[in-house]
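J.: Starting from the known structure of chain U, fit chain P onto it as the hints suggest.
Protein sequence lines, in the order shown, are assigned to chains U and P. Note that the first sequence covers residues 1 to 526 in our numbering. Note that the second sequence covers residues 527 to 837 in our numbering.
Read the hints as simulated data drawn from the structure, not as lab findings. Some hints here could point you the wrong way.
[To be verified] Derived pair list, reagent style DMTMM-like, types lysine to aspartate or glutamate, alpha-carbon separation capped at 25 angstroms:
| hint | chain 1 | residue 1 | chain 2 | residue 2 |
| --- | --- | --- | --- | --- |
| 1 | P | Lys640 | P | Asp595 |
| 2 | P | Lys654 | U | Asp261 |
| 3 | P | Lys655 | U | Asp494 |
| 4 | P | Lys654 | U | Glu374 |
| 5 | P | Lys640 | U | Glu282 |
| 6 | P | Lys723 | P | Glu602 |
[To be verified] Ranges of calculated distance between the beta carbons of each label pair, as one might list FRET restraints:
| hint | chain 1 | residue 1 | chain 2 | residue 2 | range |
| --- | --- | --- | --- | --- | --- |
| 7 | U | Thr520 | P | Glu695 | 39 to 45 angstroms |
| 8 | U | Ser384 | P | Gly635 | 42 to 48 angstroms |
| 9 | P | Leu742 | U | Arg108 | 41 to 47 angstroms |
| 10 | P | Gly543 | U | Gly453 | 19 to 25 angstroms |
| 11 | P | Ala646 | U | Ala24 | 43 to 49 angstroms |
| 12 | U | Pro57 | P | Ala646 | 54 to 60 angstroms |
| 13 | U | Val304 | P | Glu703 | 56 to 62 angstroms |
| 14 | U | Gly297 | P | Gly594 | 52 to 58 angstroms |
| 15 | U | Arg271 | P | His747 | 53 to 59 angstroms |
| 16 | U | Gly297 | P | Gly635 | 33 to 39 angstroms |
| 17 | U | Thr385 | P | Glu703 | 31 to 37 angstroms |
| 18 | P | Arg583 | U | Glu526 | 18 to 24 angstroms |
| 19 | U | Ser384 | P | Glu695 | 39 to 45 angstroms |
| 20 | U | Arg292 | P | His747 | 41 to 47 angstroms |
[As the list claims (entries may be wrong)] From chain P, some residues computed to sit far from chain U (all C-beta separations above 12 angstroms):
| hint | residue |
| --- | --- |
| 21 | Pro566 |
| 22 | Asp726 |
| 23 | Asp758 |
For glycine and all other residues, C-beta sits at the position ideal for the given N, C-alpha and C.
What follows is each chain in one-letter form.
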Amino acid sequence: MTRYWLCVRFILRRNWLRLLIWAAVLAVMIPVVYNSQQQAFPTQAARNSYAQVANTPAVAAMTGLPYAAGSLGGILVIKIWMTLALALAFASIFLVTRNGRADEEAGRTELLRASALGRHAYSMANYSVAGGLSVVVGLLISLLCLAEKLPAAGSWVMGASIAGTGLAFLAVAAICGQLSSTSRGANSLGVAVLAVFYFIRAAADLQADGSNVTALSWFSPIGWAQNMRSFGQDTWWPLLPLLALTVLGCALALRIETRRDLGMGLLAERRGPGRASAFLTEPVGLVLRLQRGSLVGWLVGAVVAGLFFGGVAQAMSTVLEPSNAFAKAFVGSAPNILDGVLGIFVLFTAMLSGAFAVQSLAGARAEEAGGRLEPQLAGALSRSTWLWAHVLVAAVGSAVILLLGGYLTGASSSGAATGPQLAGAAFAYWPAVLLMMGVQLFLQGFLPRLSTGITWAVYGASMLVAMFGGLFSLSEQVIRSTPFGAVPRLPAEDFTPLPLVVLTAIAVVLAALGMRRFGTRDVMPE
Amino acid sequence: MPNIPAIEAAGLRKRFGRTTALDGLDLRVDRGTVAGFLGPNGSGKSTTIRILLGLLRSDGGSATLLGGDPWNDAVELHRRIAYVPGDVNLWPNLTGGQAIDILSRLRGGVDNAKRDELLARFELDPTKKARSYSKGNRQKVALVAGLASNAELLVLDEPTSGLDPLMEEVFTDCIREVKAQGRSVLLSSHIFAEVEKLCDTVTIIREGQTVEAGRLEELRHLHRTTISVLLDRDASVLASVPGVNELVADGPKATFTVGEAELGAVLAAISTYSPRQLVSSPPSLEDLFLRHYGGVPTGPVAAAAQTAGMR
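For reference, chain U alone in the conformation it holds in the complex (with noise of 0.2 angstroms):
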């Protein structure tokens, strides 16, 4: 353990900003998310009602089961608990491999250990610095309860069992990171134990009788800290299981650091193909193969996006009361609250499909700039068949999440809408979606470097002024003029064509420009 402190050292000076961020971002959620709810909710009477709908299925399976609805407390844990608990797990394991795993891989771990430096020194240390980001998330999230004026006992289990969740994957990524000899390799598999723990858990909520869960609950480490029971029982005991796992699992890594070589993971890098399929070297074969993890990802998402937002719709047109000026800024000027709340799950549906447009045609510019675009146009392909490819697979891609997102918001709806009406009103924002492609496109074009960050931008201003925009007060007329507002927000709405018109005119113009540039500038390698 010699040099044990520089290396924590070392780590907090190469990590302060990121760790500074993960702190903020999680402890800021608890009064932003407290004082929404404390408005949505103001009376007692309204959080009466609301314990009486709160427990769904979906809210069980995504969020945990509700088991103190009829509190402030009990809603603030099940609005953001689940949140940040698996953020905090998330933190965790990038951590861990980023400092660990990660630096191994690249050689500089080698640099290190061949200095006078303890074996374990390195290890203890990356340990000890994501733990410490645990521990403060919690005490921060305890310590802002009760600035909430929440009760203390609620307060304090609050933080201890989100921090407990977090220590518990931590110990899940060190072990991680001594069984994969790749930096990707740990993240992957930490994930994926992450979210098997995920789903124990969701099968145990959604078996619970009553708010009883069953004992399929405890064979997850997120559960036991659900069993924790913030602002209900309050209980302090699953935490000794929690710590227990993240010594044990250190514990573990350490011990299997000490009898690999250095470099080497317990699992051997998994081999692939010799050879590649016809399909892989057609131009969208090849997009689709290398976009083939976060396309899977996009459909689960909007999948269980839509079938969460179809389960909701009716619950939350209950509840939400027509003379609440919270609710109506954000659910807008809708004849009836159910169409209001559907047309912002549809929105959402628009959000993820603007999203997966914007970072799949992003892929584009990767390649470019990660200098495997060379290559490939010193093959016989143009660069106009090049860049189609990615065009086709990023429409292509956000019009299939737009139709399954709205089809199974409004199929899940319990009779609040049907799956072909909600599917068309989702794909009204297409001409939106490709409005960010096109910017996109136009901005490859002319200003490469900075196209990914400033598209990304121009889709986040888009999307808070449609989401927001009401709430800031902004007027109708402003809102009416970004491209996602200007979408009618179907079925709250009437459909008019001619703002779909003008955005894909737009939209066409823009990318023709874009594609042109393309196709007579330099090609500029980062």
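T.: What follows is chain P alone, placed relative to chain U:
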């Protein structure tokens, strides 16, 4: 057809913002020859190659590739050429074998027998993910993809960077086979031995301009031969012999250079000083190169070059 050079560039210019990368560069590669392309880092070798591949647009001058325009006819021309970059970027989550097939099929097709033979010769495992390849193995992927083709012209940009000496030898054999088949090669390189072994012609560039070009033997003729002698007396007497340049005398030993025209007269003069030993070496490519860059070579020639600076 044989009269059209594989590559002909004249007065090529390219600017990136305020920096001038190419400032009137000339380059010619005849059919069926292997042309060396030498220059220090940043002298414009890769920029020239990128213009020839239609990846960059030149700001002036002319260039033809196999008789076509590198920019306008890019796609058609690329069916007939193979390119191996010096810095190979691959898709990290695809295997080396997949990358070879993708790059080969973009050109037109894969000669499977040749591909397998090259994989064996370069000892490359095609089932490993590109992420886990070392620099040398990534280079092999590009080499196998490029050499497995039957392209008329091979454009190689420092193709052996990261390869070990054994693999460099395999590469040398491969290029000799390409040459024997009458195909053309442009070989940009840092390694003098490689260029001397393989190339018929050499183009040396500096700061975006061609400073020396021609057949290697011709270039040697233009430059002075280095002679080392051991005399029976103090070698400083050679200073008075006309035609002796860059003399470094150390007791009876001396090293100096002589131009082709004066060689006979100088040798006649030396014979009167009863030489015990005489070694004559033609100028190496390294000498030619360093002459243009003012660098410091190693060995006796280095000392000669340093005194040359004093003259």
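J.: So which of the earlier hints does this model not fit?
T.: As far as the earlier hints go, 1, 3, 6, 8, 11, 14 and 20 are violated by this structure, in ascending order.
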